[in-house]
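Top line first, the protein sequences correspond to chains A and B. Heads up, the first sequence is in the numbering used here, so the first residue is 1 and it goes up one at a time. Heads up, the second sequence is in the numbering used here, so the first residue is 1 and it goes up one at a time.
Be a bit skeptical, because a hint or two may be false.
[As the list claims (entries may be wrong)] Covered stretches of chain B (in silico footprint by chain A; criterion: 3 or more residues with CB under 8 Å from a CB of chain A, positions within the stretch not fixed): (1) 151–162; (2) 237–243; (3) 283–290.
[To be verified] No farther apart than 25 Å at their CA atoms in a straight line, the calculated lysine to aspartate or glutamate pairs in the DMTMM-like style are these: (4) B/K163 with A/E254; (5) A/K206 with A/E187; (6) B/K159 with A/E254.
Simulated from the structure, these hints should not be mistaken for lab results. Where a beta carbon is used, it is the ideal one built from N, C-alpha and C, also for glycine.
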Amino acid sequence: MINFVGDPVDMLVNPESLPEEIDRVRKDFGLDQPVHVQYWKFLQGAVTGNLGNSFIFGRPALALIIERFPATLELATCALIIAIVVGLPLGIFAGLNPNSIGTRIIMGGSVLGISIPTFWLGLMMIIVFSVILGWLPVSGRGEMGTFLGIQSSLFTLDGLLHLIMPATNLALFKIAMVIRLARAGTEEVMGFDFIKFTRARGLPPKRIVSFHLLPNILIPIITVLAIEFGTLIAFATVTETIFAWPGLGKLVIEAIINLDRPIVVAYLMFVVTLFLILNLIVDIMYAVLDPRVRIKGEIQ
Amino acid sequence: MNDKVISKKNGVQNNNSKIIIKKFTRPATIISLGLLFIIIFCAVIAPFLAPTNPYDLKVVSILDSRLSPGDSMFNGNVAWLGTDGAGRDVLSAIIYGLRTSLIVAISSALIALTIGLIVGLISGFYGGKIDSFLMRVVDIQLSFPAILIALVLLALLGKGIDKVIIALAIVQWAIYARTVRAAAIVERNKEYIQAASCLGLSDFFIIWKHLLPNSISPLIVLATLQTAHSISIEATLSFLGVGVPITEPSLGSLISNGFDFILSGAYWITFFPGLMLLATVAAINIFGDQLRIILNPRVNN
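With the rest of the complex left out, here is chain A:
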């Protein structure tokens, strides 16, 4: 199906080249053959783990994707951590003080957080922090450090400075959700008898929140966030385009615009596999964290 949009040869050769030249390129990539032959070749390759070479880079598409994946993973993980660190305390506060002014501001902010277009906010962040204030770098991944054999921007100051804006931008999308989940969870758990009992025992509020409330609201939040991690990776496409972050999303957007089919197809396969694995992990985690699910499963 992907073969019907435009002719990739147009993107590959100089428009002024001779017709013989164009034909030669077409033959080199096997694009002169009928669709079913191309498809059969693709299937033959796919079974052996070869999803074809990228038209633009001339290298295996899957290798390119795996090469770019760590950058996206790093971005999404940082965004997730920021979302939890910021969203959880705000949500618990809102749940503990349902009628205070602070809660109204937090909940109003979370409606705004859902409505605000992420990519526009990213651009505004660039204007404020890079153009006007000049604090943070605009694009790229910065200098990378190596620690335990892993290359990452997390290990150098320059890399961290590059990471702050994209990660915050990506996190904003999830903060509102964490706030809502944490608030709903807190309101529910605070009404339970065991919390009342801890109060009766005269435990300080701080201890009640961190030892009795937190473990109970974390279960649903963690499971939802694990599913949402996939969404973060999908949404990273937008953030990566804005901040020129050399990750998976930027690769696939460029591939779509340049009609680089093998990369688009390989990306699709990769993401679908990733989602399947994530969903599996979530299901297993659910059983580990909440014994009730396990018991139910055994009865059935």
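Guided by the hints, dock chain B onto chain A, whose structure is given.
Chain B only, in chain A's frame:
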């Protein structure tokens, strides 16, 4: 105990219209509804409202490019929100862009609503194998983020307003289908539907005349919120360069157009379209939330 509940219920019914009016006059409802009306009104009368036609090449002059907000243009007009790189008035471009954004969002929401309604009703009414098949399709679709599906679809379909509408409709139908099915299953087991079947009415008649009107109400709020959602998705896609073509820009493509100029300090080309987008989406979202409160009989105070 039972009497109390009944009398309470009657009281609610008597005051129903009063309560609805009371709820409608809450400040958040009035403000969001007012804003929404102004926005839609602007989009509808765009050709009369916009100071210039941003796509009329006779009017647009490259000499006016990148004027800051409030500067006067070569022909003496004032560009209240500045001009972009090609010398188009940003204010006019926003009003026209709003039009494109709303057309795409509303038409895709309507198509998705129709498909979702049909699938949901069939699934809820017949149950069994049809139901489990359709709901597995819905499950699969809902397990992927909307933006990803839309991106892949547009990579397959190519550019164009019609294609964006199709992609957005395909992305959204599943959520409608699931909601309708839930409502339809509840209705299906009620006595009036069973009575209708006993009368020997055809399945189509029962679904059309009885099931549809009774299962549609949860969709009102959902459709409002989904429209806001599809405006954002369309803007995101256009920003990425896979959405509407450059010849008919939406708010998203206007923002993306200004992306090239932000480092040179020309913030207005991106800032104002984004503000418009935020106002539109926020107005619809708040209105949707208010609508949920108004239509939910349990939240009376």
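Each hint, compared with the structure:
Three residues within the 8 Å Cβ limit are the bar, and the stretch 151–162 of chain B against chain A gives 7, so the coverage statement holds. For the stretch 237–243 of chain B, the assignment as covered by chain A holds, since 4 residues bring a beta-carbon within under 8 Å of that chain's beta-carbons and 3 suffice. Counting residues of the stretch 283–290 of chain B whose beta carbon lies closer than 8 Å to any beta carbon of chain A gives 3, which reaches the threshold of three, so the coverage claim holds. For the suggested pair B/K163 and A/E254, the alpha carbons sit about 19 Å apart, so the restraint of at most 25 Å is met.
For the hint pairing A/K206 with A/E187, the CA-to-CA distance comes to about 16 Å; that is within 25 Å, so the pair holds. Of the pairs offered as hints, the one joining B/K159 and A/E254 holds, with about 15 Å between alpha carbons and a cut-off of 25 Å not exceeded.
In terms of the numbered hints stated before, the structure departs from none.
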